[in-house]
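> Spelled out from the first residue to the last, the chains are:
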Amino acid sequence: MIVVQTLIAALSLGSLYAVLALGLALVASIMRLVNFAHGELIMGAAYAMAFSFAFGPAAMIAAALVVGVVLALASDQIGFRALRSADSTTLFISSFAISFLLQNTASALFGSTSRTVPALPALSQPITIGEISFPMLDIVIIATAAVLLGGLTLLLKKTRTGLRMRAAAEDFRVARTLGVRANRVIALGFGLSGLFAAFAAVIVVAQSGVVSPTMGSDLVLIAFIACVLGGLGSLPGAVVGGFVLGVLTVVLQAYLPVELKYYRDAFAFGAVIILLVWRPQGLLPSATAGTRV
Amino acid sequence: MLDISQLWVEYGKIPAVRDVSLHVEANEIVALVGPNGAGKTTVISALCGLVTPRSGSIQYRGRSIVGIGPERVFSLGVSTVPEGRHIFETLTVRENLLVPMARERPRRKAKDDVQAGIERFPVLGRFLDSPASLLSGGQRQQLAIARALVSRPDLLLLDEPTLGLDPLTIDTVFRIIQELRDDGVTVLLVEQNATRAVQLADRSYVMSSGEIVLDGDRDDLVGTADFAAMYLGGAATRPLATEGAAE
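The listed protein sequences correspond, in order, to chains X and R.
FYI, in the working numbering the residues of the first sequence are 0 to 292.
FYI, in the working numbering the residues of the second sequence are 7 to 253.
These are computed hints drawn from the structure, not numbers from a lab.
Beta carbons: idealized from backbone N, C-alpha and C, even for Gly.
Be a bit skeptical, because a hint or two may be false.
[What the hints assert, rightly or not] Counterexamples of contact, computed for chain X against chain R with all Cβ distances above 12 angstroms:
1) A8
2) R31
3) F54
4) A61
5) L64
6) I77
7) F95
8) V116
9) P120
10) I131
11) L162
12) V173
13) S207
14) V246
15) F268
[As the list claims (entries may be wrong)] Listed next, with one range per pair, are the computed distances between beta-carbon atoms:
16) X:G110 / R:Y17: 49 to 57 angstroms
17) X:W277 / R:S142: 27 to 35 angstroms
18) R:P137 / X:G110: 49 to 57 angstroms
19) X:K157 / R:S136: 16 to 24 angstroms
20) X:G161 / R:L82: 35 to 43 angstroms
21) R:L82 / X:P120: 57 to 65 angstroms
Next comes chain R alone, as it looks inside the complex (with noise of 0.2 angstroms):
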């Protein structure tokens, strides 16, 4: 479905993500982990058009999105939740919900959507009429998510859906994430908690400084002696190898 390879992108001269290559299959659930500035967002920034790649191709169902900007990358099915939610909190829970919308859908469509998203985020039902701005960091986050979903994706980019959540919410965006798979939502999943999204996922992809130092299923990487080091407690005492590890 998605086809990242050797995909370059910088920041005036400073490298951000360097030779970066991964792939995603229909109904999977892929995660990026890796450190604060890896350059995972990065690569979510390449991918739904907010940056225009050095080098490199991204191929989506076969075809080319580099360059053709974010919103030609979202009419293609490939929709995004930004690191830090950015939500509209001038506009209301609902209003938030529509703004996906295609301008072509009849507005009772839009309205049988909003309703579906309200149905797996039952708790925004509560505020649909109030300004998104009076949501809780728990509930943002899943107003970010059913707004991506509103569009009926067939690629959701989940950019640190946990970043500054409680555990107990953060157990909530798990398995909604859990649920998207069941629903047939393809995934790729950006997260720092890299122990709980390697677990998640079908496959997993580990950054380090712009690049990919290792991959593999959820078994292959936690019992590698790397994985062990950058999360369970060797990070800060060991450098990562990275002999073999990305293709």
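Next up, chain X with everything else stripped away, as it sits in the complex (with noise of 0.2 angstroms):
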């Protein structure tokens, strides 16, 4: 029993982190950009959440779409597109400034210490079936994960735009000269990063019930180690690397000694080193992560 509700566990956190992952690796696959500004994504629609709980779930769940979203899009307008033919290391400080402001800016409107948001009540009820008990959420964890996923791999395998998408992602530059519009299919990656930033916000918040200015730092490192251990810039890759990290995470918590919990993380990203030293490039590479834009 104890195995089950351990893995549905370990799928659920898996599910957030590959969500994360997501968020990251789809301006990355694009842009070669790790976007450190992603956990501000976050940090924003989870406030907007906070926000908007008195008109109820709906409201919450689009208030925060609609500002990870826009906030996505305002970054790449504001940070980036004037950089476009910038190299990496500035893209790269870019996006630190646009988190720092962006902290910063969260802190001086809505106070340094954290808010509670009142969890959804509907979510806390756990399920029993037999003698396996386990959170609703992370049943609704799994499923929004996996409607994502199914979602994306439909928008990139079935529409001329996801092509365009998959052919910029692997050679930016010659997609572009067979009509690629740069500035559209970068927006649109930011867009998506976007989406997934509030998803994994709608998650983060149902689990926790606290926001705060700095919640999206761990959260970003999280979805960065997931991506690296993935391969950077590949989306496939992110998903791997996600699930991975989150299982290996919720395993351990099981299975190490009392005296050893504290130490889950240390051992968690020794197993990520040990695996990268092993697979350098990544468990699944993203086949030309060369040029960027």
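Taking the hints as your guide, dock the two standalone chains into a single complex.
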């Protein structure tokens, strides 16, 4: 019974990590940019949920989606569009600047301390099947991630827009010479990234019931590690990296001796290092993780 | 159709193309030949909008295309086959052919265009739904040319289309270029296989160290001592004379 409960918890955390990592990878695959402001997109969407709580869960989710996507598109317009021809280091620094700007803006507007968002009561209910009991939230998280991954796969595989995104992700310069519009594809990548950030915010707020200006920092770090583990710039890699990291974390939490549980993350990241020594390019690397836009 | 005048391109402070002027008339094949590092690919990059020149003008059908970006250059009817093929390896052959289709082109018409592309390059038909990474070098080159043609361009920029190919496939590529001219496509061909390119082209330009040092039609060029010095065995022993070469 413990094994099944652990498996559900592992899939749930893996799903969250996959959603986090995909949000980061969508931009990285096209622009070869690790957008460290992605955590602040999640934070912004989480605050939107906090302020729309009085209007019910649907309004909270809608507010998160709008704020996540708008912040993502705005960060591209303000922080990256003027730097299209700059090198990766410049973009990287710009992403940190946007991250700090959004964090400090949130601190100035909403205070630097955490704010409680009452958990969605329906999701707090446990589900009991025989001797197995697990939170409904875990199932909702797994289902949400499945729908997001399925939707993204359909978009990329079955639409012409998706085809152009995949072509741009593989070789942006050549794609542009074949008529793929750079700014449109990049904006779409950022928009989708914001959408994934918003869903990550919904999951995190539903789990923790807390928002704070710095809540995105740890989340973007997890997303980054999952992306590197899967192969930076690879969308399937981000999903695999997210699930491997999530499953690893839950399994260690369940089976480490009590006196070592405190060091769970050290063990998890130690395992990530070993995996990267074995496969430095990641578990499912991008076919052409070379030139940037 | 295409007029380049006094084109200068620099990478940092290093000049790659210096004062290059050339023109291409409709329905011509014009060859741009020269040794490695002569600046030929940089000219193509400037033409297709990937590189912004320091100075000079590029007029296509009477309008300047400098600085408008590769997407806009493509939308004006200029298609590029880049050096090294650069097919999308993770996409299928069919998907590669669909990438240049205009967004607004109906699916059925896009399908017809893919079919037309395959008729010219029948070997691709066998791999339509296979990943492009499975293709051989010659097949990749054919896919790169087919991909550039599905949008029905008026001007095709071909950058080193025979590089790394076996002699039989080189023959095929040159035959295809010949057929393109017969179909009314204008071609600017960049080649290291200079003798063969000059024989095929209506007119040719020879580049060296970023400059055009010779130009003319095949009879003009093949008979000149300078061209012979560069391409028929004398290049290593005698520097190229530049007097009176390029306009």
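> If a hint holds in the structure, say so; if it doesn't, say that too.
These are the hints, each one checked on the structure:
1. The claim that X:A8 lies off the interface holds: its Cβ sits roughly 34 angstroms from the closest Cβ of chain R, which is beyond the 12 angstroms cut-off.
2. Against the 12 angstroms criterion, X:R31 stays outside the reach of chain R, whose nearest CB is about 16 angstroms from its own CB.
3. Even its closest Cβ contact with chain R, about 37 angstroms, leaves X:F54 beyond 12 angstroms, as expected for a residue assigned away from the interface.
4. No Cβ of chain R approaches the Cβ of X:A61 within 12 angstroms, the least distance being about 29 angstroms, so the stated non-interface status holds.
5. No Cβ of chain R comes within 12 angstroms of the Cβ of X:L64; the nearest lies about 25 angstroms off, and the non-interface call holds.
6. With a least CB separation of 21 angstroms from chain R, X:I77 remains clear of the 12 angstroms interface cut-off, as annotated.
7. Distance check on X:F95: its Cβ is at least 27 angstroms (rounded) from any Cβ of chain R, clearing the 12 angstroms threshold; non-interface status holds.
8. Separation of X:V116 from chain R is adequate, the least Cβ-Cβ distance of about 41 angstroms exceeding the 12 angstroms criterion.
9. With 12 angstroms as the threshold on Cβ separation, the claim that X:P120 sits away from chain R holds: the shortest Cβ distance comes to roughly 45 angstroms.
10. Once the 12 angstroms rule is applied to beta carbons, X:I131 is consistent with being away from chain R; the minimum gap is 41 angstroms.
11. Some Cβ of chain R comes within 12 angstroms of the Cβ of X:L162; the nearest lies about 6 angstroms off, and the non-interface call is violated.
12. For X:V173, the shortest C-beta to C-beta distance to chain R comes to about 4 angstroms, within the 12 angstroms cut-off, and the non-interface label is violated.
13. With 12 angstroms as the threshold on Cβ separation, the claim that X:S207 sits away from chain R holds: the shortest Cβ distance comes to roughly 37 angstroms.
14. For X:V246, the requirement that its beta carbon stay farther than 12 angstroms from each beta carbon of chain R is met, with the minimum near 26 angstroms.
15. Annotated as non-interface, X:F268 keeps its C-beta farther than 12 angstroms from every C-beta of chain R; the closest such distance is 30 angstroms.
16. Hint check: X:G110 to R:Y17, Cβ distance near 51 angstroms, so the stated range 49 to 57 angstroms holds.
17. One distance hint, 27 to 35 angstroms for the beta-carbon pair X:W277 and R:S142, holds here, with the actual separation near 32 angstroms.
18. At about 53 angstroms, the beta-carbon gap between R:P137 and X:G110 stays in the expected band of 49 to 57 angstroms.
19. A C-beta distance of roughly 19 angstroms is found between X:K157 and R:S136, which places it inside the suggested range of 16 to 24 angstroms.
20. Judged by the Cβ atoms, the range 35 to 43 angstroms given for X:G161 and R:L82 is violated: they are separated by roughly 26 angstroms.
21. As the Cβ distance of R:L82 to X:P120 is approximately 59 angstroms, the hint placing it in 57 to 65 angstroms holds.
When the structure is compared with the earlier hints, violations turn up for hints 11, 12, 20 and for no others.
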